[in-house]
Amino acid sequence: MASMRKLERHQARTAYLFIAPTMLLFIVFTVIPVFMALYLSFTNYDVISKKDWVGFDNYRRLIDDTLLWTTFKNVLIYSVIFVPLNILISLSLAMLMNRAWRGVKLFRTLNYLPTLTSAVAAATVWIWLLHPEYGLVNGLLSTIGITGPAWVAQTETAMMSIIMLTLWQSVGSNMIIYLAGLQGVPEYLYESAKLDGASKWDCLRYITWPQLRPTTFLVSTMSIIGALQLFDQAFVLTQGGPANVTKTPVYLIYQQGFNQLQMGYASAQAFVLAMAILIFSLINMKISKAEESVV
Amino acid sequence: MDTIGSTPTLRVARKLAYYILCTLIAVVMFLPFYWSVLTSIKPDSDIFSMPIKWFPTDITFEHYIKAFTTVPFGLFFSNSLILAASGVLMNLFFGSLAGFAFAKLKFKLNQPLFRVLLAAMMIPGIVTMIPSVYVLKHLPLFGGNDLFGAGGNGLLNSFWGIILPGASGSFAVFFMRQFFLTLPSDMMEMARIEGAGEFRIFWRIYLPLTKPALATLGIFTFQAGWNSFLWPMIVLNDPAKATIQMGLQAFSYNYQTDYGPMMAGALVAILPILVMFLLLQRYFIQGIAFSGIKG
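Residue numbers (my numbering), protein chains in the order written: chain A, 1 to 295; chain B, 1 to 295.
Hints in this document: simulated from the structure, not taken from any laboratory.
Hints are not guaranteed to be accurate.
In silico DSSO-like pairs for lysine-lysine, Cα to Cα no more than 30 Å straight-line [as the list claims (entries may be wrong)]:
no., chain 1, residue 1, chain 2, residue 2
1, A, Lys194, A, Lys73
2, A, Lys73, A, Lys286
3, A, Lys105, B, Lys66
4, A, Lys105, B, Lys15
5, B, Lys108, A, Lys6
To list a few chain B residues with every Cβ distance to chain A over 10 Å, as calculated [to be verified]:
no., residue
6, Met29
7, Ile65
8, Ser78
9, Asn157
10, Glu198
11, Asn227
12, Ala240
Beta carbons: idealized from backbone N, C-alpha and C, even for Gly.
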């Protein structure tokens, strides 16, 4: 008995040793920063000299910061279009590619390739794709007699350009996630539905979609969190312009914190963004729960 | 799919329609790659010509030479390689060490600590961004700092400032833990009876069995490290330490009409991940499917 306990103690000691590096890094680079973020948002920290407590000044200031709310509006418009399209396209692709026909693997691979590109490289390529005169997109449009817009330079189309770019980059991996989800839907559900005379649409509406709810929840949560923190593509493709229509909160926080060194104020902005992310994730959770599963 | 009631001709027609649709989608997804390769090997006169020249008449590598000579692209490339590779090594080692402890060893704080790690994955990166800079700058005894973290620049502007915060990601720990859970525990008991130490059991018996998981995790960590942009841009100020994504962004910003070299640079920035994907495709797909199922 005594030796058993000794063994257990030894095991516990080893375990703590094994997790020590991870926990240490976790404390230094996650736990401390999280609490510090809250603290800094109540100071006027500027890297160089100051770090005085300023109370709610930063939060009062951001209420009247029209540029901040513009960036929130931008990223909301982006999310409202991007997230549903992302789900719709990935799911459609997955259903299309969910069969063992010859060549389907190649199609899957080709759809997946864009997700390998870095945001910077992809945006660089898209700058040139969307070139108003010599770009591929407008070149193709001109063959069918349409004069394409100056995509990234026009306020009406700049956000649309980012949406196209990020969709191109993200539907491939979500397609794979949906394919894994589809493989988990039991075949007998479709068979019995067919016996009951259900149409293809019925199968999709009452079997596939409800069965994929956990997958859709995962995909939508990840896309919401990613979409609200959009930065790389907006930084490279449009540089936040024209007229700030593609400037995002992270972009603004980056400029405020690292170009103008107002890190205290930038921390307050980051906190507001985190709250927004939390709220939208919760709304998404509610919607996902509200949809009663039929089967 | 539904063979009931369809004639052979109808079936062939359907199959044909399916392949045409899939091909169209694949062409759209692949076109940006083709377009950037095409641009990178066309002479300038062909780049700026309408209608689009779909096949190059003369091939040139001047754009690649220009990309590598106007900015130290080779240096950026090796910087990124060092950063991404160190990230992989650290995450594989610390991630599996902690993952093993959480999966296989008994200790009191096992569940609570693991839950905290998991919950922290939900914190959006933007919250910890600014305070992490503060932590890096004021890390005691590093980069000219005294015991209280004052005096120097800490780990700012050093590769460690990129490597350490991500050295043992919660995802790596979670991923490896799930994999260790699927392995039987009786091997451990046997080895213990024969007097093997816990680290030996981990290193010699269990770790070799996780090779597929390590491959998957390694690939994803490498991709994330190679493609990351915002954090390196914040931490690294010295141009000689810039990563390939930073170099590419600066290039496309400073040489806005040099589309040939821009595409050459973008392709070089994509290439390592693309090559890795083509060699290790199976692990990529497994990894995404895993995150889809377990998430």
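Hint check results:
{"no.": "1", "hint": "A:Lys194 - A:Lys73", "result": "violated (46 Å)"}
{"no.": "2", "hint": "A:Lys73 - A:Lys286", "result": "holds (22 Å)"}
{"no.": "3", "hint": "A:Lys105 - B:Lys66", "result": "violated (37 Å)"}
{"no.": "4", "hint": "A:Lys105 - B:Lys15", "result": "holds (16 Å)"}
{"no.": "5", "hint": "B:Lys108 - A:Lys6", "result": "holds (15 Å)"}
{"no.": "6", "hint": "Met29", "result": "violated (5 Å)"}
{"no.": "7", "hint": "Ile65", "result": "holds (18 Å)"}
{"no.": "8", "hint": "Ser78", "result": "holds (17 Å)"}
{"no.": "9", "hint": "Asn157", "result": "holds (13 Å)"}
{"no.": "10", "hint": "Glu198", "result": "violated (4 Å)"}
{"no.": "11", "hint": "Asn227", "result": "violated (4 Å)"}
{"no.": "12", "hint": "Ala240", "result": "holds (19 Å)"}
Hints 1, 3, 6, 10, 11 from the list above are not met by this structure, while the remaining hints are.
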